[in-house]
Amino acid sequence: MNPPVSLEQIGPGFGNAIAASQSVFRIGLTALSRPGILINVNSDAHAPVGIGAAANALLLALLDQDVSLYLTPRHENAANYFRFHTGCALTTNPRDADFLLFGADDVLLNLAELKNGDEYSPDHSATVIREVSGLEIGRGLKLRGPGIQGEAWLYASQLDADFVAQWHELNKHLPRGVDIFLSCADLLCGLPRTTRIEN
Amino acid sequence: MRDMQDANADRREWMGLSARAPLEMLESWAAGRDDGFIWLRRPEAGLAMVRARIGATGDRFNVGEVTVTRCTLRLANGQHGVAYVQGRSSRKAELAALADALLQAPAQRTELERDLLQPLRVRSAKVRAAAEQEATLTRVDFLTVSRGDE
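Sequence lines, in order, name chains Z and F.
Using the numbering used here, the letters of the first sequence map in sequence onto residues 558 to 756.
Using the numbering used here, the letters of the second sequence map in sequence onto residues 11 to 160.
Just chain Z, with the same shape it has in the complex (with noise of 0.2 angstroms):
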């Protein structure tokens, strides 16, 4: 049982909870479908401080009483904030957690010890959302594969020095594996464990 949710330090959630689950939902699918193109994320809720807007819409959007929720230290300030909006559990452990969100000033999680799926359901794996100082298209890193006509470019200024590595062996694994969203004050783009990322 979570303890009483204290309002003091909690903002708004979305103006039209409804319509604005379902709009950003929508963009999510969008993002994981087409990797490598950056995608607007439109919201009135009223983010906690250190959080972008894209990462928490979408976490409003995502969230549930079903599903655990793992926040860096630097955000435990939000952690009310998501609990009041979506019931969703919080946990301290990331290897149990079925959403993670990382500020661009958080060190990365080993991805591989994250919730994976096992063969029959790699669905019942993590979905990590990484938010970064920058994110543009047309240079970086190159991405390959569904969704994705030929190749994309993407690039996302303080990424993990081992992102890449980290995802070349995590994509040994599929189809269990993780999901991300990278994001940047408004912007998503979708990572989803489909896509390869070619040097």
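For the record, the hints were derived by calculation from the structure and aren't laboratory data.
Just so you know, even glycine gets a beta-carbon here, dropped at the ideal spot from N, CA and C.
Careful, some of the hints might be misleading.
[What the hints assert, rightly or not] If we take Cβ atoms under 8 angstroms as the criterion, some of the chain F residues that face chain Z in the derived model are:
#1 I48
#2 W49
#3 L50
#4 R51
#5 R52
#6 T82
#7 H90
Given the coordinates of chain Z, work out where chain F should sit on it, guided by the hints.
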């Protein structure tokens, strides 16, 4: 629980009173008021399972689900109001939450006691008395008559 020293007893009472109040009484109290607030959570309807024990001692069982509307708002002064009311009236949830927020400010308590809570208490007592009377009229006391030896 009832015996425990309860810091929230007052708030529990007024939240209960406004949740059970008819919408018209809340509307007439709120008429002409203009309290600025923002929504933290707009009114949303959901289901809550009501559970009970027969004679308050038997095993707990599910009576059924009721529709509940809840909302949370924040006044300009930072005070929060929360309401959980039975039914689907979002207006009623809004006014109940507004009353909850205003009642937490000591400066307004006297005025709100007079204009809102006291009339609600009177009405609540009336409704309760009427229900009790009706129940008494139709009350049946079962007693077992000894059959004695055959």
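- Find the hints from earlier in the document that the structure breaks and name them by number, from lowest to highest. Of the numbered hints, all hold.
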